[in-house]
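**Q** Single-letter residue listing:
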Amino acid sequence: MGKGKEKKRVTKRARSEFLWGWMFILPTMTGLMILNIIPIIQTIWQSFFKTGAFGRGNIFIGLENYQRLFADDSIWQALINTFKYAIVEVPFSIAIALVIAVMLNSKMRGRSTYRAIYFLPMVVAPAAVAMVWKWLFNSEFGLLNHILNSIGLKSVHWLSDPNIAIYSIAVVGIWGVIGYNMVLFLAGLQEIPRDYYEAAEIDGANAFQQFFKITVPLISPTMFFVVVTRVIASLQVFDSIFMMIDKSSQALPKTQSLVYLFYRYAFVENNKGYGSAIVVLLLMIIMVITVIQMVAQKKWVHYN
Amino acid sequence: MRRREKTLKVTKHLVLFIGAIIMLVPFAWMILTAFKTNTEAMQMNPFVIFPSEWRTESFVSVAEKMDFVRLYVNTLLMILGRIICAVLTATMAGYAFGRLRFKGRDFCFGLVLFQMMVPGQIFIIPQYLMVSKMGMLNTIFSLVFPGLVTAFGTFLMRQAYMGLPKELEEAARLDGCNIGQTFLHVMMPLTKSSMVALGIFTALFGFKDLMWPLIANTEQNSMPLAAALAKLQGQFASNFPELMAASMIACIPMIVLYLIFQKQFIEGIATSGGKL
Amino acid sequence: MKLKKVVALAMVSVMALSMTACGGKEKEKETEEKTSSKDAKLTVAIWDSNQEPGLKKIMDDFTKKTGVEVDIQVTPWKDYWTMLEAATTGGEMPDVFWMHSDQIATYAQYDDILLNLSDKIEKSDKIDLANYPESIVNIYQNDKGDQLAIPKDIDTCAVWYNKTMFDEAGVEYPSADWTWDDFREIAKKLTNPEKNQYGTAITPGAYQESWYSTIYAYGGEVLSEDKKTSGFDNPKTIEGMQVIENIIKDGSMPEYSVLSENGTSTLMESGTVAMTFQGSWMVSEMANNDYIKENCDIAPLPKGPEGTKSITNGLGWAASAQGEHTEEAWQLIEYLGSKEAQTKQADLGVTMSAYEGVSDGWAKAQPNFNMQAYLDMMEDAQSYPSSKNTQVWFQAMLEEMVAGFSGEEPMETVCKEFAEQMNGFLAEEQ
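Chains as they are written, first to last, in UniProt numbering: chain A, 1 to 304; chain B, 1 to 276; chain C, 1 to 430.
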């Protein structure tokens, strides 16, 4: 008899979760479908066409865009460039931001000021950001090389040496997203109950032990979010390359990213079909990486 | 022990200070440039760090060229619309994805992630066609339109809810709360910081979004700030002091907004310490 | 207590939200309807905000004459074509807008996009196409010979040189009929790497200003007349490119990385190079620079065996065929193309005008410089090479030329290899 009641309650609970669940996600899913998912499907569809302008005169060409894609060396080089960028930008920006967020989460003088300062790069107009970094990196007149020269080192071609430029761009990327990561970490840190630290302090744990034993596990859901979104965003790097590397730079072939090429084909050369094929390739890659992260999170993300 | 604490504190301040300087360089440069002549601003060799004379002409001419009141109002309405939509839809969906179990949940969440995996540029033309069919081009609605829902925010809120302790929810259920009540009375208040973070980012992304308003809101008086700024850059020649002066005037409200929001973080510490 | 209030407030809003997907929207819609513009206005789309004030004055004259109001909308070049494409697809094109030689073919392939102006021009007493350079008029025709845009402006190119550097090196200023050989010699004389001073700076990106002209001045071509084959394997084209290559080999230019990081105008303004090639669209920036004002002047392009061959391009005023106000749009274009408006455009210093013989006012706007050089260049001009889908081969060309300009590969190899590639792209266009 008791069992039957239990079962009834479970199904009732399940039904209620189903109803509430769908009610809660309905606005988001409806909007997402119309605004995003349908255009994505159209893009995938477009990748099988030789596209005409203004949505007219599309000719179905099957896999031709993909054949061209796989034979196109610049695409594979762009893929390597994109990965190089992501491998530098993501870990550094996360590590630095986490340290800063933890520091700024405790009571100290000037905390609000620091928080505002680290956030500043996010509000500056991208054009201004690109300009100032272009000057800092300028091999002839730039500040960085001035400093290097004055301590007796040789100038570095930060933005025109094909082997270096992508990392210079990554530095700009790190500088730009620290504020983003920091705000998220700060928000995550707020949600860690204070008593945990108090208990640890009573147990005699020092700051470092507290950081690794309490902060890191408890902030791991936020961390997971930051990692997933940063990986995706860094694989879509475009603006900084577009604004800082000249079209006739020797470094361009070794810095242009997949989205850069997508932009060039779809918006400059008006070849939407080929551009779409590039997007599909990028989508596949990001999807695989994200799925791996979703699976791997079970190993390190600590949910209550 | 005491001594170690002290060295730790000093290191901390030192690290933060040096970091802050690096963060500030471009900003300082922006301010300095706004006061230079265009020649000084363009000059590379020798590079001019301080303007020979602190000129305010750029601010004056920018204020004449741009109707800042109108632009602020448009931007504010756009940001407000986007924040309301994003926070409401994402909080609900985030709770459902993070705390409830139901059929179709994982598939739907997959779609949410899916949206984030493609470069945003592909949405522009399809969304333009939708807004144009509705006859809503050049309105505040069209500025808000791409931000009606947010995959980013849904994901963010889901993570926030997943990190909350289970006990609270169970306690609420035993008190006889249904799911809606549990969400409203117990769970949602606990994710305030994440909601604030979402608000900040929604405002920021909306503020920085350039391509969409340039294409959907071409009329002078329906533009947001960022788009009007982008217009200042001519195709070939550009006036950098003016551009920087305009950028400065433009980003002040964003900084104010952030300062207001960030107060919430600090308040967050005070309350969560006692109430949890 | 406070928390409870917040929660209650949030609850109310969530409830309201769950009923209508986004309740907040309705109000905004209403307030916006009031501010959106009335139908009677013509919308005009352009991409250069520097020209906006001047054009606005001309449009005001038009409004005074006809009573038709005009609203100028600026979209920066980078997004202009995306905007126009989206607007065309959605049937929301601006009434009147700028057209460019790179893009006209895309828009000309369908008859219902751009307003066909041929009949209207015939009936008009203000527009006679003979008054504009043929090279610009021809750009804006479709396959059937219909005129789809009226020329708005024209650009030419000239050499800016640093008088101070010439004086210091004891070199005479460029004469009106100097040749590319002279140019090479002078560049060599003005180079002094120890002082970080170089004769000139020519980049792949300065195609229209410099090396396209060299190609045509040596009898070569970028694109064949019928736009079906590449000119880069033409021996004369290669000869022209080798002229550039020799200047590079002489060491008369800064290192390639410096060129690509700074651009020619910056190098000129910072006193690093003595001569650069600049289009007429750069005049206002150059002429307003204090260093340039003090030290520099303008000379015509050097001559090759076939003359100077300044590459000219020009925008056109086009109108939408989809709009409700095509008649008013035509009136506006007719006015903008008229002698009166074209003269005013030049007098206001907006740009050189396409209408022949009215641009003296533009030259006079900069009395400190020999602006006549730009006007003279019109006499031996070459129209800007463009095909149906120029951007496709153009982007590839910029990419390939890097190897030639940086000295990684001989120019001849680069040109020949690129010719093959370009022929492939052109074949696809057909």
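Derived by calculation from the structure, the hints in this document are not laboratory data. It is possible that part of the hints are untrue.
Unchecked claim - Each computed DSSO-like pair below joins lysine-lysine, with the alpha-carbon atoms no more than 27 Å apart:
#1 A:K50 / C:K228
#2 B:K133 / A:K134
#3 A:K254 / C:K64
#4 C:K416 / C:K228
#5 C:K228 / B:K65
#6 A:K247 / A:K134
As the list claims (entries may be wrong) - Quick partial rundown of chain C residues pointing at chain A, CB under 8 Å, derived from the structure:
#7 T89
#8 P204
#9 S257
#10 Q366
Idealized CB from N, CA, C, for every residue including glycine.
**Q** Compare the structure with each hint and give your call.
**A** Hint-by-hint comparison with the structure:
no.	hint	result
1	A:K50 / C:K228	holds, 20 Å
2	B:K133 / A:K134	violated, 42 Å
3	A:K254 / C:K64	violated, 55 Å
4	C:K416 / C:K228	holds, 16 Å
5	C:K228 / B:K65	violated, 46 Å
6	A:K247 / A:K134	holds, 14 Å
7	T89	holds, 5 Å
8	P204	holds, 4 Å
9	S257	holds, 4 Å
10	Q366	violated, 27 Å
Figure legend: structure checked against the earlier numbered hints; hints not met, in rising order: 2, 3, 5 and 10.
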